[in-house]
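Peer 1: Model the full structure from these sequences, guided by the hints.
There are 2 protein chains.
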Amino acid sequence: MRKNAKEIKIIKSPAALQKFSKKMQAHGKSIGLVPTMGALHKGHASLIEMSAKNNDITIVSIFVNPTQFGANEDFAIYPRRLKADAKLCATAGANIIFAPEPQAMYPLPLQTFVHNPSLEHLYCGKYRPVHFAGVLSVVAKLFNISLPNKAYFGEKDFQQLHLIKKMVQDLNFPIKIIGAKTIREKSGLAISSRNEYMSPKEREAASSIYAGMITAKKCCKGRSTCLLPTELKNIIQKKIQQAGGKIQYIEIVNKNDLMPAKTTKNAVILLACYFGKTRLIDHLEL
Amino acid sequence: MRKNAKEIKIIKSPAALQKFSKKMQAHGKSIGLVPTMGALHKGHASLIEMSAKNNDITIVSIFVNPTQFGANEDFAIYPRRLKADAKLCATAGANIIFAPEPQAMYPLPLQTFVHNPSLEHLYCGKYRPVHFAGVLSVVAKLFNISLPNKAYFGEKDFQQLHLIKKMVQDLNFPIKIIGAKTIREKSGLAISSRNEYMSPKEREAASSIYAGMITAKKCCKGRSTCLLPTELKNIIQKKIQQAGGKIQYIEIVNKNDLMPAKTTKNAVILLACYFGKTRLIDHLEL
Numbered sequence: 001m002r003k004n005a006k007e008i009k010i011i012k013s014p015a016a017l018q019k020f021s022k023k024m025q026a027h028g029k030s031i032g033l034v035p036t037m038g039a040l041h042k043g044h045a046s047l048i049e050m051s052a053k054n055n056d057i058t059i060v061s062i063f064v065n066p067t068q069f070g071a072n073e074d075f076a077i078y079p080r081r082l083k084a085d086a087k088l089c090a091t092a093g094a095n096i097i098f099a100p101e102p103q104a105m106y107p108l109p110l111q112t113f114v115h116n117p118s119l120e121h122l123y124c125g126k127y128r129p130v131h132f133a134g135v136l137s138v139v140a141k142l143f144n145i146s147l148p149n150k151a152y153f154g155e156k157d158f159q160q161l162h163l164i165k166k167m168v169q170d171l172n173f174p175i176k177i178i179g180a181k182t183i184r185e186k187s188g189l190a191i192s193s194r195n196e197y198m199s200p201k202e203r204e205a206a207s208s209i210y211a212g213m214i215t216a217k218k219c220c221k222g223r224s225t226c227l228l229p230t231e232l233k234n235i236i237q238k239k240i241q242q243a244g245g246k247i248q249y250i251e252i253v254n255k256n257d258l259m260p261a262k263t264t265k266n267a268v269i270l271l272a273c274y275f276g277k278t279r280l281i282d283h284l285e286l
Numbered sequence: 001m002r003k004n005a006k007e008i009k010i011i012k013s014p015a016a017l018q019k020f021s022k023k024m025q026a027h028g029k030s031i032g033l034v035p036t037m038g039a040l041h042k043g044h045a046s047l048i049e050m051s052a053k054n055n056d057i058t059i060v061s062i063f064v065n066p067t068q069f070g071a072n073e074d075f076a077i078y079p080r081r082l083k084a085d086a087k088l089c090a091t092a093g094a095n096i097i098f099a100p101e102p103q104a105m106y107p108l109p110l111q112t113f114v115h116n117p118s119l120e121h122l123y124c125g126k127y128r129p130v131h132f133a134g135v136l137s138v139v140a141k142l143f144n145i146s147l148p149n150k151a152y153f154g155e156k157d158f159q160q161l162h163l164i165k166k167m168v169q170d171l172n173f174p175i176k177i178i179g180a181k182t183i184r185e186k187s188g189l190a191i192s193s194r195n196e197y198m199s200p201k202e203r204e205a206a207s208s209i210y211a212g213m214i215t216a217k218k219c220c221k222g223r224s225t226c227l228l229p230t231e232l233k234n235i236i237q238k239k240i241q242q243a244g245g246k247i248q249y250i251e252i253v254n255k256n257d258l259m260p261a262k263t264t265k266n267a268v269i270l271l272a273c274y275f276g277k278t279r280l281i282d283h284l285e286l
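So the protein sequences, as listed, match chains F and X.
Residue numbers for the first sequence follow our numbering, beginning at 1 and rising by one.
Residue numbers for the second sequence follow our numbering, beginning at 1 and rising by one.
Fair warning: there could be bad hints in the mix.
Derived SDA-like pairs: lysine to any residue, alpha-carbon spacing no greater than 20 Å straight-line [as the list claims (entries may be wrong)]:
(1) F/K87 with F/S193
(2) X/K176 with F/A26
(3) X/K22 with F/A26
(4) X/K22 with F/G28
(5) F/K23 with X/K150
(6) F/K22 with X/H27
(7) X/K22 with F/I175
(8) F/K29 with X/G28
(9) X/K9 with X/K29
(10) X/K42 with X/S187
(11) F/K255 with F/V168
(12) F/K22 with X/Q25
(13) F/K19 with X/K176
(14) X/K19 with F/N149
(15) X/K19 with F/Q169
(16) X/K19 with F/Q25
(17) X/K12 with F/P174
(18) F/K156 with F/M37
(19) F/K19 with X/K150
(20) X/K176 with F/S13
(21) F/K176 with X/M105
(22) F/K29 with X/K29
The set of hints was computed from the structure by calculation and includes no laboratory data.
This one's a predicted model, so the numbers in the text were calculated from it and none came from an experiment.
Peer 2: Structure representation (structure tokens):
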């Protein structure tokens, strides 16, 4: 934590940030980037602290990116609170907040996209068809504007993190991607900016997600032969449904390539479900 | 021209070049990149000379990129002659040749692509459906490996140059794209590595491409009201067909957005045609 929390600078212009970052580069300074959509919480704070520890300059981007939301999704209501976010960033040790307006990021409608046709329509992508091309394209933009040496992302968005790592590898971005462990509430619920959409009752019930995944993992560990992915899915599904949740998908995938897993070795549970109107995602390594 | 032509260094590893470029960046050196597929000619030399004049370091990449060729195209027979190319690069003032093997550029099959769904299936893209996604993706890779301040491309590949400029603008690459005039043989034929596929007779006949475009442009200029795009196309088509060429497409497009032009104001002729088995492209601003 940084004591001198007043120094944080808010930059709104992509050109101004790029100029600043180029200057830092030419002075041999290392830059850490933490891309966010704001409404910052403990999970983001852990990323910012990690970056501040390992880089000369830490930039937090705060941008609710319209191109990664579908027409019926929560773009309009996604929480925006720059003042509180700035305080958290400063306390966690960031130096710069990059908070552009949509018009500055998209002065013209985007024609050029970065996408991953092999993985972008699976899992979350099946239900959010424009999401991952929107994410990869805006992350490529943020990389090119901020010119970081390292960029920090939460493992919570597991498929997103995988796609970003793959993009960096495939397109040779000169950036190291650091994934950080999901931070959870005491109940086990993964901390997310979207949790605040829920009523206290829904929020309590949503702890069944983690409970279900843990039960599945324990069942798996207790046996000499692994349970099949289908059996694990049933265990989790039951737990979430009993708590009143509605499953969107549960998949067991290989950790390394995100393809459907045949056994539970090196596998990860990925899931999305609804509590009330709130869509939640989570994951657990088996 | 550079007298000391022996100093040129050939780098084959993407990681080694990226490391070198990062070092140059941290020392405040400017880098110019000239991406090529080798078989270098006067057109390339003009780009290299321009870069050498305006940057501390000039990198020429020589890579016949498999992902931008269709299954029935000339990937296997595209001319490769690194030794002669190295000589031309050195004489024109380059410092580094980046000549990776396909395996080094694509250690795994590419999953992440850069593409422009608005423009990649028009004109050349109509007949080469995978071409422009292959081009944009490999150029993004070359940019991220070479980390140039400026990159130089010939106007000859007019649609390609437009798509690359759009990519840089859309994805905020910190790079200035410089387009350089098409260099022509005395006959008017645009210089291209593919010209050597042709017999002397075909090569002579192919001068009808430029002659046709010039005739169309003159007709247009001589009138107070512009000719319609269709009339211009007919003039060019007739000239090329009379010389034995086979038209693939002729389009009159707006210079700024590459959309079909309604008048000839700020318009460009784009065309592709065959002489024998050789596919040639050309363009002329009206």
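Peer 1: Run every hint past the structure and note whether it holds.
Peer 2: Evaluation of the provided hints:
As the CA atoms of F/K87 and F/S193 are separated by approximately 16 Å, the hinted pair is consistent with the 20 Å bound. Note on X/K176 and F/A26: the hinted pairing holds, with a Cα-Cα distance of about 17 Å set against a maximum of 20 Å. Taking the CA atoms of X/K22 and F/A26, the gap is near 9 Å; set against the 20 Å cutoff, the hint holds. Between X/K22 and F/G28 the alpha-carbon distance is near 9 Å, which keeps this suggested pair within the 20 Å criterion.
For the hint pairing F/K23 with X/K150, the CA-to-CA distance comes to about 16 Å; that is within 20 Å, so the pair holds. Restraint check for F/K22 and X/H27: the C-alpha separation of about 12 Å stays at or below 20 Å, so the hint holds. A distance of roughly 11 Å separates the Cα atoms of X/K22 and F/I175; the hinted pair therefore holds under the 20 Å criterion. As the CA atoms of F/K29 and X/G28 are separated by approximately 12 Å, the hinted pair is consistent with the 20 Å bound.
Proposed proximity of X/K9 and X/K29 is supported: the alpha carbons are some 17 Å apart, at most 20 Å. The hinted pair formed by X/K42 and X/S187 meets the criterion: a straight-line CA distance of about 15 Å does not exceed 20 Å. In summary, the hint linking F/K255 to F/V168 is supported, as the alpha carbons are separated by about 17 Å, within the 20 Å threshold. Of the supplied pair hints, the one linking F/K22 and X/Q25 holds, its CA atoms being roughly 9 Å apart against a limit of 20 Å.
About 13 Å separates the Cα atoms of F/K19 and X/K176, which keeps this hinted pair within 20 Å; it holds. Distance hint between X/K19 and F/N149 is fulfilled; the C-alpha atoms sit about 12 Å from each other, no more than 20 Å. Restraint check for X/K19 and F/Q169: satisfied, since their Cα atoms lie roughly 15 Å apart, inside the 20 Å limit. Of the supplied pair hints, the one linking X/K19 and F/Q25 holds, its CA atoms being roughly 14 Å apart against a limit of 20 Å.
For a cut-off of 20 Å, the pair hint linking X/K12 to F/P174 stands: about 17 Å separates their Cα positions. Our distance criterion of 20 Å between C-alpha atoms is met by F/K156 and F/M37, whose separation comes to about 14 Å. Restraint check: the Cα-Cα separation between F/K19 and X/K150 comes to about 15 Å, which is no more than 20 Å; the hinted pair holds. For the given pair, X/K176 sits about 18 Å from F/S13 by alpha-carbon distance, which is consistent with the 20 Å threshold.
For the proposed pair F/K176 and X/M105, the alpha carbon gap of about 18 Å is at most 20 Å, so the pair holds. At most 20 Å may separate the alpha-carbon atoms for a hinted pair to count; F/K29 and X/K29 meet this at roughly 15 Å.
Hint violations for this structure: none, all hints satisfied.
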